Amino acid sequence: MSENRKKRLTGKGEIASSQIKKVATGIHGLDNVLKGGLPAGRATLLCGGPGTGKSVLALEFLYRGALMGEPGIFVTFEERADMVRENAATLGWDLAALERSGKLFIFEARLPREAVNAGDFNLSGLLAMIAGKARLMKARRIVLDALDVLLRIYRDPYREQDELYALHEWLCGLGAASILTAKTFEDNHSTCHYEFLNYMADCVIDLKQRIEDRISTRLLLVIKYRGSDFGRNENPFIIIDDGVKFTPLSSTALDYRAQPGAVSIGHAGMDAILGGPLRRGSCILVSGSPGTGKTTIACTFARAACARKERVILVSFEESADALIDCMLSPGIDLRPAVQSGRLKILSFMPESAGANVHLYRILQAVDQFKPHHVVVDAISSSHRMGSEQTAFDFAIRMVSLFKEMGITALFTAQLEGLDSMADISGLNISSLADTVMALRYIDVGGEMNRMLLIVKARGRQHSNQYREFLITSQGISLADVYVGEGGVLTGSARQEQEMKEHIAASRRRRAIKEKEAELAARKAARKSSDLALETEILRNELDLEALKDEETMHQNGRKTRSTLRGTDLAMGRRKRPSPSLKED
Amino acid sequence: MTPAQKDLATAGEPFRLILFVAGQEPNSVLARQNLQCLCQEHFPGRHTIEIIDVFQNLEAAFKHNIIITPTLLKVAPDPPATVFGNLSDAQKVMHALRP
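Going line by line, the protein sequences match chains A and B.
Reading the first sequence from the start, the letters are residues 248 to 832 in our numbering.
Reading the second sequence from the start, the letters are residues 25 to 123 in our numbering.
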């Protein structure tokens, strides 16, 4: 058994060591997808429909290479060279400077539109030119962009195959890492004769653009990679800031990890009903109807963490940083010191402003730079506004799992539609991923709306299963003791009223006992002067007294039992209830 | 003299042509022969042909954005024209060269 395992491990190690040599593309997150980069000294085929980002990706491969000191040649069969430079400038790439320093060469290989074909021809001149230039520049990277345009001049599919085969052989002979880009059309089969390219090339990558609910998602799929392991998933990417960015599906590229331990939610009473402080790196979901106090809990958590000298990123999809800070002053949660000390970073985004992948990239970029211990997202349910249900769900899942992997404690708030919906606690069906789920809701009692808090789930701990009255005071959050009486759970003034009634009833019972005792004492004193017949009456009175006492004991026991059933530890997290002062009559 | 020949012969300006070839590659060899025959037949004494071997002169090839060999460029008279291939289709070549 153990020998078998050992064998397997060695086998795996050998495979890993025999993997082909690769060239890091230098493109954000792509080398992670390609497990190191593109095959060194070989050709990679990059296909995709129009506008899927082939040229940008291929050009960035050269641009990043040139910045790392590897000269490259970009042969464009479709776009004009000045257009290539202009488009690159929108991403802040100064190609002209790289061209001047001999790190990049853009070769516009476009046949004039009015050129006349008069007889057979071949590409040996072109190849000689590229090879000659590559030798001069010591080029390590070559891109042939829009190969389909070059091949179109043959007007003969079989000839195209022959020439392409020769082209590929020749490219591999050059010893540079190369990318060939070609347009493909998903719907029509006009380019199906390029399919053989898939067999020829060592590495084939497909780019796609999917549009759902008017939001487009760019995707990269590695179709094959000879001699290398590769992920079979579609990898979403965006073109933003200074190039192509792959938002990681896993965080293996991010080496940041928070320390293990426990984290207080920032309120002793809430820690108590949660069964203790939260686990560091766990995921907390606070869900509730609008106005139930989700943001208040989130900010309480953030402020407390910053006060412990930990760093927090608060992502607000609801309001601006200034508005959030202002709003939190009313419940006495002053976030300003946390912001000023540089421990709290508030990011504010409009969910509609970009696709989920862009938001995810922005958040991860901030996490990478700021290295927070905790991340708060208010509200994750806003991701609905970034696209389809599925997009929102994927966005949430990826955030939850990434933060978990990074050991970052994540607190998400989720808004529920309607006032009393508990059917879908997270609004996104992500509650199963969360370690702790807190639900806030309104309860309508005696013409009042009061806030209630329930710990729906706290993985691996004994938490209260009882509703608490959740009060937002000018000094922050306060949890009121739940009323555990015959009427069930009561809040607000109804709770006070019930407590009062209870108190009156209790003193009445005590008075009744006292009256009976006094009466009995008087009867006993009179016994000496009374006859035997009186003894019978005394006996009866004694029995009456016993019955009353039994009733009181039973009442107390019943109260205790109910408390236990509802998970209230009478010694834990309870505020002492102010007892209403009553005059006895 | 055919009408076409007469037409070309009466035009004043001499023809300036550049032929880009790829060494001794068959299509390039053929193009050289085809061009010489055509010129001698249609505008004898009124043409200059510059032959550039892209293997020998990469810079000139880059300057003219040559991507196919052989390629014939008509520099003068106006308008300029580009013909690619081994020039075995004489009719097409002459059609492109005609001012």
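Treat the hints as calculated values from the structure; they're not laboratory data.
None of the values given here were measured: they were computed from a predicted structure.
Watch out, some of these pointers could steer you wrong.
BS3-like, lysine-lysine: derived pairs with alpha carbons at most 25 angstroms apart [claimed, not checked]:
1. 98(B) - 385(A)
2. 618(A) - 651(A)
3. 380(A) - 116(B)
Pair ranges (Cβ atoms, derived) [to be verified]:
4. 385(A) - 57(B): 22 to 28 angstroms
5. 618(A) - 84(B): 52 to 58 angstroms
6. 115(B) - 486(A): 47 to 53 angstroms
7. 405(A) - 67(B): 56 to 62 angstroms
8. 612(A) - 81(B): 47 to 53 angstroms
9. 422(A) - 81(B): 21 to 27 angstroms
10. 87(B) - 595(A): 42 to 48 angstroms
Built from N, CA and C at the ideal position, the CB exists for glycine as well.
Violations among the numbered hints, reported as their numbers in ascending order: 1, 3, 4, 7 and 10
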